[in-house]
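> The whole structure should be built from the sequences, with the hints applied where relevant.
Protein chains: 2
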Amino acid sequence: MPLARFSQGVVSSGTSEIKRIDINGIAMCLRNGSKENMASVEEKFRTLGIANAPGQEVRQRSADVTHHRQGEMIAGDLVDFSHGDVDAFPPPPGSFERFAEAVEIGGRQAYTEYRGSASIRAEVARDLADFTGAPVQSDLGIIITPGTQGALFLAIAATVGDGDKVAIVQPDYFANRKLVEFFGGEIVPVALDYLGAEKDAGLNLAQLRAAFEAGARTFLFSNPNNPTGAVYSATEITAIAVLAKEFGVTIIADQLYSRLRYGNKDYTHIRAAGLPEEQVVTIMGPSKTESLSGYRLGIAFGSPAIIERMEKLQAIVSLRAAGYNQAVLQTWFREPDGWMNERSIQHQAIRDDLVAIFRAAGLPTRLPQAGSYLFPTLPALAVTLEEFVKLLRLQANVIVTAGTEFGPHPNSIRLNFSQDRKAAVSAAHRIVQMVQIYKA
Amino acid sequence: MPLARFSQGVVSSGTSEIKRIDINGIAMCLRNGSKENMASVEEKFRTLGIANAPGQEVRQRSADVTHHRQGEMIAGDLVDFSHGDVDAFPPPPGSFERFAEAVEIGGRQAYTEYRGSASIRAEVARDLADFTGAPVQSDLGIIITPGTQGALFLAIAATVGDGDKVAIVQPDYFANRKLVEFFGGEIVPVALDYLGAEKDAGLNLAQLRAAFEAGARTFLFSNPNNPTGAVYSATEITAIAVLAKEFGVTIIADQLYSRLRYGNKDYTHIRAAGLPEEQVVTIMGPSKTESLSGYRLGIAFGSPAIIERMEKLQAIVSLRAAGYNQAVLQTWFREPDGWMNERSIQHQAIRDDLVAIFRAAGLPTRLPQAGSYLFPTLPALAVTLEEFVKLLRLQANVIVTAGTEFGPHPNSIRLNFSQDRKAAVSAAHRIVQMVQIYKA
Chain A
77 MPLARFSQGV VSSGTSEIKR IDINGIAMCL RNGSKENMAS VEEKFRTLGI
127 ANAPGQEVRQ RSADVTHHRQ GEMIAGDLVD FSHGDVDAFP PPPGSFERFA
177 EAVEIGGRQA YTEYRGSASI RAEVARDLAD FTGAPVQSDL GIIITPGTQG
227 ALFLAIAATV GDGDKVAIVQ PDYFANRKLV EFFGGEIVPV ALDYLGAEKD
277 AGLNLAQLRA AFEAGARTFL FSNPNNPTGA VYSATEITAI AVLAKEFGVT
327 IIADQLYSRL RYGNKDYTHI RAAGLPEEQV VTIMGPSKTE SLSGYRLGIA
377 FGSPAIIERM EKLQAIVSLR AAGYNQAVLQ TWFREPDGWM NERSIQHQAI
427 RDDLVAIFRA AGLPTRLPQA GSYLFPTLPA LAVTLEEFVK LLRLQANVIV
477 TAGTEFGPHP NSIRLNFSQD RKAAVSAAHR IVQMVQIYKA
Chain B
77 MPLARFSQGV VSSGTSEIKR IDINGIAMCL RNGSKENMAS VEEKFRTLGI
127 ANAPGQEVRQ RSADVTHHRQ GEMIAGDLVD FSHGDVDAFP PPPGSFERFA
177 EAVEIGGRQA YTEYRGSASI RAEVARDLAD FTGAPVQSDL GIIITPGTQG
227 ALFLAIAATV GDGDKVAIVQ PDYFANRKLV EFFGGEIVPV ALDYLGAEKD
277 AGLNLAQLRA AFEAGARTFL FSNPNNPTGA VYSATEITAI AVLAKEFGVT
327 IIADQLYSRL RYGNKDYTHI RAAGLPEEQV VTIMGPSKTE SLSGYRLGIA
377 FGSPAIIERM EKLQAIVSLR AAGYNQAVLQ TWFREPDGWM NERSIQHQAI
427 RDDLVAIFRA AGLPTRLPQA GSYLFPTLPA LAVTLEEFVK LLRLQANVIV
477 TAGTEFGPHP NSIRLNFSQD RKAAVSAAHR IVQMVQIYKA
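For the record, the sequence lines run as chains A and B.
Numbering of the first sequence is given in our numbering, commencing with residue 77 and proceeding in unit increments.
Numbering of the second sequence is given in our numbering, commencing with residue 77 and proceeding in unit increments.
Heads up, a few of these hints could be off.
Which copy is meant is left open, so a pair is good if it fits within one copy or across any two.
As the list claims (entries may be wrong) - Taking lysine to any residue pairs in the SDA-like style, the calculated list, with each CA pair at most 25 angstroms apart, reads: (1) Lys-120 - Ala-381; (2) Lys-498 - Ile-513; (3) Lys-120 - Asp-215; (4) Lys-498 - Thr-314; (5) Lys-498 - Gln-424; (6) Lys-515 - Leu-470.
It should be emphasised that the hints constitute simulated quantities derived from the structure, not laboratory data.
On a predicted model such as this, the values are computed, not experimentally measured, just so you know.
Now the structure itself:
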């Protein structure tokens, strides 16, 4: 038996007691019977909050904030900036018809492989290879998932285990952080100076290198960035790829909004930036720009080894994306001529209206280069951000998402401006009025 | 610093090295930097096999078994017993129409709460309360998921953590075991003497008590049992409930097939067996009996605390069951008069044909009291079960699922007999011929 340098400690946290033990400097976790384990499951879910997540406002109790209310009700139709309005921007023609055909086909379309229908994967793989500028293996390198959220979940589960360090941008999509924490990973934050940079997204590359030096072996980021709409420049993508190669880091790139770009903004796909195929998984889907969210369809493509693990897990998470729904992907990248350009022009007009309103009111706001999110900065307020967001809903009929969902951003709110233009402009004015009322 | 009785060992397993350390008899897992952690993620997925899972046959390489082939090809149309044939048994009228209406409704139906549309939950909760004989809280006690697989995944994730013991029936649905293992749980097997019992399902209640005494605090089981079609008697359900109450065990009851019963077979819902509401989650869905699998819809109902955790997790796993698809639940439990009875009579006829064929050939087979699965026992074979299943597909055009997917059952195969009757009978004869060829 070896001699051991041995120390231990006990940390109380709610109902659970987590014992940490160090032997020769190596930290160990302690398994100590099922009662403490059940407490740790409860603990895990306690940190997995969704009360302030977009779309869940209906479950909030309004009594919480009414005693903070100042000023009058501000009239106006409800605008829900927590997600896009698929009634204002309908899906491309033919999507419902593809679904109806799939129902007619019946069993063969209902029971696809877990990774999705082979013929649909083949079509989509061709289009994604064209779009991203790098080959996609239709048999081994692509999986159809229930929405891009499903793809993100599977990709993180397939790469991140207990104690693994993961580099995460701040701000970035709120579920990224929650997913890493759910699988026991540790977040190493990397700042995005989205207000300071214009030609770049503003990624702090020194911090990214430091994260990799500290042991992070996965880098998960959205491009265009959610919530700011910043697009990473070719220089930034190249720098990320060089660092990932040096440290053997797996890249998970969430490119959900990469088709909706403004003014022919350049876009560099990291999967085409010279990294080995095994090191990159890209995630896209037709839920947002194409307004097909009600069908829940996502795609992950790239590394065959990671896609294989994702399929294994999908087999016990949800079996497959709904079989009939998969057929709707046959309309993706096959919209009528000019359809995407028209959608971009319409969104750009709303973007410009809203950014002008917020900037005129002194709220610093990055001009998004792609996607349909805005992330204005508010002044210091007399109420907490969570209270302000609730008051905005109850007093001004406007729903936004708190910046704190995206990282340590207690002075920001996120808006999805894929809305009816007139309604969005009216609601933006109401936000400004509310800021005037509640500023500290 | 306390004195410690201390021992350790190193186990090599593929590329990963797992260190086990015992201090004062308590086993601990070792965290030792990100490289070993990455290996442990790979390890976790290595055990999560799907190569022999139903529906994945298309990904198998046929070269593996052809050198074992004996005898001639046995002609006949392909019958895929790995799942039901939704073309032979179409869904109830109105399902597609409800979907089409939801697409027309648009945004409100696309973006529901994560737990599903409130109005649809309210309707389904009423029907499930009537069906199961115990109240369902429509706001707090029900969640709509992507298929019953989605519900099982969320329910296990919400109750089982690292090192937790879970009582699992042998045989039972293959994903149960995989789910528990994925979340680091430990399976405590409980035998089902499905061939010995007729009035009971055959659960070994002494083993169930022993499992609870050994620390299992979750009991997951399917009723009717998948793969045998055995229905638990009122006596058995009552005994399970008494034990669960005594030990504070959470019950997860997969009742996917509980509507399709033969000869008015009695059925006891464990959620109505006197346990506190918090201790039971029941899972159902319209994928099987109602042939709506292509829509991927499942329901979990019961314990509000567990449902709340399931919703938190669904928010990062897949957001929600596809919004438009949820509307199809409006046809569930509202089929035309006599529809379910007719479906039961048709399935009973196929069941009786197939059981007669297998029993006449000397293959012991339980007569299923509900559902559409058969689990005949084969004699000792000259090839492995995995090889036999592949040969059956390549030589006789019949797809079945190996018994080893359901626990330690190397002499059994599972058939979903929800098929065209004539095709199913022909395929059953081919199975018998193949058994004659390959028996040891």
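> If a hint holds in the structure, say so; if it does not, say that too.
Hint by hint, here is what the structure shows:
For a Cα distance limit of 25 angstroms, the shortest separation of Lys-120 from Ala-381 across copies, 14 angstroms, qualifies, whereas the shortest one inside one copy, 28 angstroms, does not. In this assembly of identical chains, the alpha carbons of Lys-498 and Ile-513 lie at most 25 angstroms apart only when taken from the same copy (23 angstroms versus 75 angstroms across copies). Taking CA atoms no more than 25 angstroms apart as the test, Lys-120 paired with Asp-215 passes between copies only; the shortest distance there is 23 angstroms, against 36 angstroms inside one copy. Taking CA atoms no more than 25 angstroms apart as the test, Lys-498 paired with Thr-314 passes in neither setting, with 40 angstroms inside one copy and 62 angstroms between copies.
Taking the shortest alpha-carbon separations for Lys-498 and Gln-424, only the intra-copy value of 14 angstroms comes in at or below 25 angstroms, while the best inter-copy value is 60 angstroms. Within a single copy, Lys-515 and Leu-470 get their C-alpha atoms as close as 17 angstroms, which meets the 25 angstroms cut-off; across copies the closest is 73 angstroms, which misses it.
Consistency with the previously given hints fails for number 4 only.
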